[in-house]
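Colleague: Sequence:
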Amino acid sequence: MIKILVVSDNSEKVEYLSRFFKKHSWESVVSGSESDIFDKLKNGSIDLVIYDGSIKSLELRTLVYKTKILTDTRDIRSIFLVSKDFDNYDLLKYANSFIEEPINENLFLATIKSELLLRENLIVLSKNNDDLAKSLYQLNVLYNTSSQLAGSLDKIKLIDIMSEGLDQSLSLSLSYILVMNEPNDIRLMIKSLYPISQRLENSIKQSALANYNNTFSMNLSVDDIKVETTIKDRWGEFDMNVFSFDSLFAPISIQNKFFGVIEVFRESDFSTDDTKCFTTLVKQVSLPLESAILYDEIKEQNEKLEKLERVKSNFISIVSHELRTPMTVINSSLEILLKGGNNNPTEQKFLGLAKNNADRLSVIIKDLLDLQKMEAGEMEFRFELTNINIPIELVKNSLSEFAKNQKVEINMSLEKGLESVYIDTKRLEQVLTNLISNAIKFTSEGGQINVTTSKMTKEDFNKFEFFDKLPKNLYDEYIKISVEDNGIGIAKENWHKVFEQFKQIENSLTRKVGGSGLGLSIAKQLIERHEGLIWLDSELDKGTTFYVAIPVKTKKDKE
148 MIKILVVSDN SEKVEYLSRF FKKHSWESVV SGSESDIFDK LKNGSIDLVI YDGSIKSLEL
208 RTLVYKTKIL TDTRDIRSIF LVSKDFDNYD LLKYANSFIE EPINENLFLA TIKSELLLRE
268 NLIVLSKNND DLAKSLYQLN VLYNTSSQLA GSLDKIKLID IMSEGLDQSL SLSLSYILVM
328 NEPNDIRLMI KSLYPISQRL ENSIKQSALA NYNNTFSMNL SVDDIKVETT IKDRWGEFDM
388 NVFSFDSLFA PISIQNKFFG VIEVFRESDF STDDTKCFTT LVKQVSLPLE SAILYDEIKE
448 QNEKLEKLER VKSNFISIVS HELRTPMTVI NSSLEILLKG GNNNPTEQKF LGLAKNNADR
508 LSVIIKDLLD LQKMEAGEME FRFELTNINI PIELVKNSLS EFAKNQKVEI NMSLEKGLES
568 VYIDTKRLEQ VLTNLISNAI KFTSEGGQIN VTTSKMTKED FNKFEFFDKL PKNLYDEYIK
628 ISVEDNGIGI AKENWHKVFE QFKQIENSLT RKVGGSGLGL SIAKQLIERH EGLIWLDSEL
688 DKGTTFYVAI PVKTKKDKE
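My numbering applies: residue 148 is where the sequence shown begins, and numbers increase by one.
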């Protein structure tokens, strides 16, 4: 007859369960003391244990753990009865099943039958091959542990998962793990079935330290170590006799880097399969540990980069704002002096040079401020439906004097009847001013600059060598602006570099015209805010064409 042990101090619950078991021809016995429970379990007549999760007279976690590590009770199944407000989830990992109260009798009956069938199968397996059953259990622990290891990047948590896996699979009496989490965080983690004496703790520290220093050729001292002790059962004590137990030792290393050492002890001898399980689990933790260490290194580097980025941004902001006011005063003063007409030719020449350089410095300061605004997300945009030819003509008019002074001609070929597009006119003028003024600067005297507009489809982007990979979700139609010069040109390997911050392609003319190296980077960001694209086509000594494409949006696209 099936015999079920009920562990509860609730008389009403015990009576209910007794009636239920009797109804199904099962015998039930009741116990409320730890010693009596072990006596009943050890005699081999108990098939299933029902634990009352709300019992007050016993410490269930310790009781269930001690029950699990006894070889002659390991295949006895257990079911926990828990209330709806039960929150001791750590306890449930020692249960085979649990039923929530009030009890659903059909579910309860099915669960009991399932557990009894599983016990019966385990007994058959055990009788046929004890070693196979043990290996299956250990493999299951290895699998579960491996799954848990894959889910964490916390080094100490990974070590704890490995330790828990070893404890479950090998039923350890005591284990210690000495790890260097950080250079200033060296931990000795001791897990023991019973409390340990002070002299045993000191001996473990010395033993762990010796093993660590010998394995990794280190020179740590006892004072460097922080001890963390976990005790499973308070009813007992371990002393120096632990060192007479069977033991297994292994280093915890990641490639050629040192991390820690582990040693485990058990009162009963370890088998060959136990040794293999131990070695496998220690090796299993190496890869996730390596990932965790790499993650920490990347995180640390990212934090440093973020800090540097903040410092750079603050520096740019402070310097730009501090320079803008005095530069405004300098520019105004130079303009007054130049227009005064009281200067001799030499003075006029030097004042002109000063004004030109002050203007260049003002442009650099403006670029720095724009960059700071873009990176801080503070750049304002006002999009309106506008014919794209309008801002182009405004920019051409504003740069005509500059082109004339440089003896460069600007030709316009703007297609009529183009659809209006959603643009921020001010920002697009900023982009076009940059492109056309650059073309003027990098074109020799007598050269020509051609500015054109036309329509293009998303398929037309494939015709340009610039694009290694096109963005996803392109619009069907675009308005394209081309700024073509017959200047010095740009080598193909430098095409993408021109849009990087603070980048200028080195040659004699770039040294002559100077600049911040920010204009095209800012232009690219401004066009991207328009959901457009900017690119180029160029050949050394033959000229460069910059292209800007702004999408033609339908009302649906705009929404």
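Just so you know, these hints were derived from the structure itself, not from any lab. Just so it is clear, CB atoms sit at the ideal spot from N, CA and C, and this is done for glycine as well. Treat the hints loosely; a few may be bogus.
Derived PhoX-like pairs (lysine-lysine); straight-line CA-CA distance at most 20 Å [to be verified]:
| # | residue 1 | residue 2 |
| --- | --- | --- |
| 1 | K602 | K644 |
| 2 | K627 | K543 |
| 3 | K240 | K379 |
| 4 | K563 | K602 |
| 5 | K573 | K520 |
| 6 | K616 | K588 |
| 7 | K454 | K520 |
| 8 | K203 | K379 |
Restraint ranges, calculated between C-beta atoms of paired labels, are given here [claimed, not checked]:
| # | residue 1 | residue 2 | range |
| --- | --- | --- | --- |
| 9 | E375 | T209 | 41 to 51 Å |
| 10 | S391 | P342 | 10 to 20 Å |
| 11 | S364 | E247 | 52 to 62 Å |
Colleague: Quick one, are K563 and K602 close enough, alpha carbons at most 20 Å?
Modeller: Distance of about 11 Å is within 20 Å: holds.
Colleague: For the pair supplied as a hint, K627 and K543, is the alpha-carbon distance within the 20 Å limit?
Modeller: holds, 17 Å
Colleague: Holds or violated: K602 and K644, Cα atoms, limit 20 Å.
Modeller: Violated, at about 27 Å.
Colleague: Tell me if the straight-line CA distance from K240 to K379 falls inside 20 Å.
Modeller: holds, 14 Å
Colleague: Are K454 and K520 close enough, with their CA atoms no more than 20 Å apart?
Modeller: holds, 18 Å
Colleague: Holds or violated: the 52 to 62 Å window for the beta-carbon distance between S364 and E247?
Modeller: holds, 56 Å
Colleague: Need the status of pair K616, K588: alpha-carbon distance at most 20 Å?
Modeller: Violated, because 31 Å separates the two Cα atoms, which is more than 20 Å.
Colleague: Is it true that the C-beta distance of E375 to T209 lies inside 41 to 51 Å, as the hint says?
Modeller: violated, 20 Å
Colleague: Is the distance from the Cβ of S391 to the Cβ of P342 consistent with 10 to 20 Å?
Modeller: holds, 18 Å
Colleague: When you check the alpha-carbon spacing of K573 and K520, does it fall within 20 Å?
Modeller: At roughly 15 Å apart (the allowed maximum being 20 Å), K520 and K573 satisfy the hint.
Colleague: Taken at face value, is the distance from the CA of K379 to the CA of K203 at most 20 Å?
Modeller: holds, 19 Å
Violated hints, listed in ascending order, are 1, 6 and 9; each of the other numbered hints is respected by the structure.
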